[in-house]
Amino acid sequence: MKSSVIGSRVVREDAWGKVFGQTKFPADVNLPGQIYAVVIRSPHPHAKVLGINSEKAMSLEGVVTVLTAKDVPNNSHGVLFRDQPVLAEYVRMVGDPVAVVGAETEEIARAAAKLVVVEYEVLPAVFDPEEAMTPAVLPLHPNLRPTNVLYHMPIRRGNMEEGWAKADIVIEKEYSTQHVDHAFLQPEAVLAYVDERGHMVVQTATQYAHYDRGEIAHALGLRFSQVQVKTLAVGGAFGGREDISLQIIAALMARYTLRPVKMENTREESFYSHSKRHPMKMYYKTGATKDGKLVALEAKIIGDAGAYASWSINVLRKSAVHASGPYVIPNVSIDSYAVFTNNPYAGAMRGFGAAQTVLAYESQMDLLARKIGISPLEIRLRNHFKVGSTTATGQVLTGSVPLDQCLAKIAPYLERGGDSQ
Amino acid sequence: MKYFQPHSVEDALEIAQTAEATFLAGGTDLVLHMRTGKVQPSGIIDLGKVSVLREIKITDGFLNIGSMATFADLGKSELVLRNAYALWQACQTMGSPQIRNQATLGGNLGNCSPAADGLPPLLALGAEVHLMSAEKEEIVPLATLLGRTPLLGQETLIRGFCIPLKELKSGFAKLGRRRALAIARLSVAVALEVNENKVENVRVALGAVGRRAFLSESLSQVLSGQELNQEWLEKGVLEVQRIVREALGTRASAPYKRVAVSGVFREALESIITEGGIQA
Amino acid sequence: MIEINLVVNEKPYTLNVEPSERLIDALRNRLGLLGTKEGCGEGECGACTVIMDGKTVNSCLVLAAQANGSVITTIEGVGNRRSPHPVQKAFVEVGAVQCGFCTPGMVLSAKNLLDRNLKPSETEIGIAMSGNLCRCTGYDKILRAVKIAAEEGAK
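Protein chains in written order, with the working numbering: chain E, 1 to 421; chain B, 1 to 280; chain C, 1 to 155.
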């Protein structure tokens, strides 16, 4: 088969609409008679909602309704487990939605949101995953896991004792990374309405229209066939639009009011309402012979999943698999954990758990090289994967492994010692 | 909320006298603060149509800058470049092109954020502020004004700034997280006179290390009347570090800023000093 | 309500606006010019950039009333499919468009630069575009597109 596309430059079909400002993002679609909805979010990282008084908000002219947890038919959603409430009665992080106001204009909805009084019983919160792992800390999701350890992935290869015996040089260090927000340029927005067939139509920017559809149907108690999700121009996502944000809440409001419902997050609300990159604490112990051959690696990686599971299992699995980097190490012991805390929940973000471990394993390589007295390039040349190499998980690499070419390309840079020297 | 759009200073002052209203300069701070609810004015006096307030000119030994001159106006002005170099520098890096096109020097003072980019250069250059209300007119050194609380009465208009033409050498540098669109984490402006090889009347102003930008008395004492050389520079570095340490105390940013200030201080002096000594 | 007069994309309008209404709200909600995007609402991202009296501004930080008497260009006033502006053509051909949410603001900043400066240096291009953020990180292609547009325009 011959294709004229491969190897040639292609103009993307949506580019023209975007340069003329014609492309419709979710904030750009409206319907006659629509109302606006605004979410009330918890200021507490761990709390029970004791009561919600919406009397004052309801008395404001133009307010249509205020909905809370009791108005949600099936109050849960989540990509791996349905552990996240649509509207919370039990708060596990700052920013958990507890109520939603619908009003004739956005201004009224925002003003009314400030008038909704939520009474909380504030509970002690845990922010350090290592502390959260200890049996003394009560689990945040007892229905899901008996402790806050959501996931543990062990990888064992070779024999550690033999490995350390061969190691002339050992580097032992701790590394940590922080929360990162995707900050996709278009904040979440959604338009939801009940169409002439009585079906729920949700127009939004999502990475996952088919999954959103299932989640909306589940939460609202509808059949799949009664829900239609239309993906408009996405406006950046980078993993941050894999979990549901406003979609169910908007649909819920549309179902109750039978009016089209528009929601738009401010940038601040956007920061509160979607997942983050997992902060990771990484304990690394790496051993090499004096001629620069890696012989042993022991790593413990603790990922802060935050309040909900989201993709944490998959993310920390990927961290474990990538923990040894693109290097042959015959003796490996890796333990990777995802742990619940009362921090913002962490989920998918570019690299999906692979990005964090780079900091650890590449730093270890540089430190080993310095101690051995060889260049950062040399130590990588002596250890990198080639066709035929076996990874820490036992995979034999048979396909394309062009690391030697990559290293050759960056050799001049590495030999200069990078930017820092 | 009432909205006024006067065309003259007189009209603006009269409205301020009679209405409960806040002056609006460029709006890059005020519009945002109204949006977040931080400020809820009952009226606004938009100065955007008072064209006389945008003038930048030289009169009677002063560089006069109208309060509504934008950062872009100032950053493109030959008069500012030649007579107030530190201010000119600050105008190149403040905000972004869009912000510089809208934000004004008067608004920068009126909002008076600790990190305001315009204030350290004005302090170092010995600027005076021309204030007006329907009842009173006053020219007050900026350093004095910044000691007042509240900064300005509700009815007081910042008419403009007067920078004495003293052939000062001056420079400005700031530390931001990135080159554009970064709020200053720390800023330093320096102005001094050079007589032969001696520096006189050294004025160093710091931004983003206190509630408001301020002039450092001690740096002025330590650095004035001395020969301009490496040793002088190092003395300044030690003193500026001491000042930042004292000003920030145990704040989280203190350890970082204490170290960073030496680099910012050196950079601010770069436009004045070259390796071989004083720049021609 | 305040009555304001302004010219948007060469058409004169008289609008009644709220004192606290921002220019972006008036453009989007009253004139239906939805190409102007709100990314942050605080002048950080530049997605709401419009050209006002020959200068780029963040329309989220300008009150509609402040724009009284102004001449404004939004993305809808720049080029069309039959005759795209050189900046738009270059953005498409170089591949400087990804998610597209920053694109209208980017195009307006670039157009405004070329209106003022036919042969900008790379530094001048960098400064002119520094108030517009792209999170897909296509900056390299964006800067290249502006350079190509400048070269095209200078011909």
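Because the hints were derived from the structure by calculation, they are not lab data.
A quick note: this is a predicted structure, and the numbers were derived from the prediction, not measured.
Think of the CB as a built atom: it goes at the ideal place given N, C-alpha and C, for glycine as much as any other residue.
Possibly wrong hints are sitting among the right ones.
[Said to hold, decoys possible] Simulated restraints, written as ranges between beta carbons of each label pair:
no.: 1; chain 1: E; residue 1: Asn53; chain 2: B; residue 2: Val140; range: 46 to 52 Å
no.: 2; chain 1: E; residue 1: Gln207; chain 2: B; residue 2: Ser218; range: 35 to 41 Å
no.: 3; chain 1: E; residue 1: Thr134; chain 2: B; residue 2: Thr36; range: 37 to 43 Å
no.: 4; chain 1: E; residue 1: Leu123; chain 2: B; residue 2: Glu135; range: 43 to 49 Å
no.: 5; chain 1: B; residue 1: Val140; chain 2: C; residue 2: Tyr139; range: 54 to 60 Å
no.: 6; chain 1: E; residue 1: Ile410; chain 2: C; residue 2: Gly69; range: 52 to 58 Å
no.: 7; chain 1: E; residue 1: Val10; chain 2: B; residue 2: Leu151; range: 39 to 45 Å
no.: 8; chain 1: B; residue 1: Glu270; chain 2: C; residue 2: Gly126; range: 55 to 61 Å
no.: 9; chain 1: E; residue 1: Leu60; chain 2: C; residue 2: Asn16; range: 22 to 28 Å
So, going through the hints one by one against the coordinates:
One distance hint, 46 to 52 Å for the beta-carbon pair Asn53/E and Val140/B, holds here, with the actual separation near 51 Å. As the Cβ distance of Gln207/E to Ser218/B is approximately 57 Å, the hint placing it in 35 to 41 Å is violated. With their beta carbons about 40 Å apart, Thr134/E and Thr36/B fall inside the hinted range of 37 to 43 Å. Between Leu123/E and Glu135/B the C-beta distance comes to about 57 Å, which lies outside the given range of 43 to 49 Å.
For Val140/B and Tyr139/C, the hinted distance range of 54 to 60 Å is not satisfied, since their beta carbons lie about 45 Å from each other. As the Cβ distance of Ile410/E to Gly69/C is approximately 56 Å, the hint placing it in 52 to 58 Å holds. For Val10/E and Leu151/B, the hinted distance range of 39 to 45 Å is not satisfied, since their beta carbons lie about 58 Å from each other. Taking the beta carbon of each, Glu270/B and Gly126/C are about 21 Å apart, not inside 55 to 61 Å as hinted.
A hinted range of 22 to 28 Å holds for the C-beta pair Leu60/E and Asn16/C, which are about 24 Å apart.
Hints 2, 4, 5, 7, 8 from the list above are not met by this structure, while the remaining hints are.
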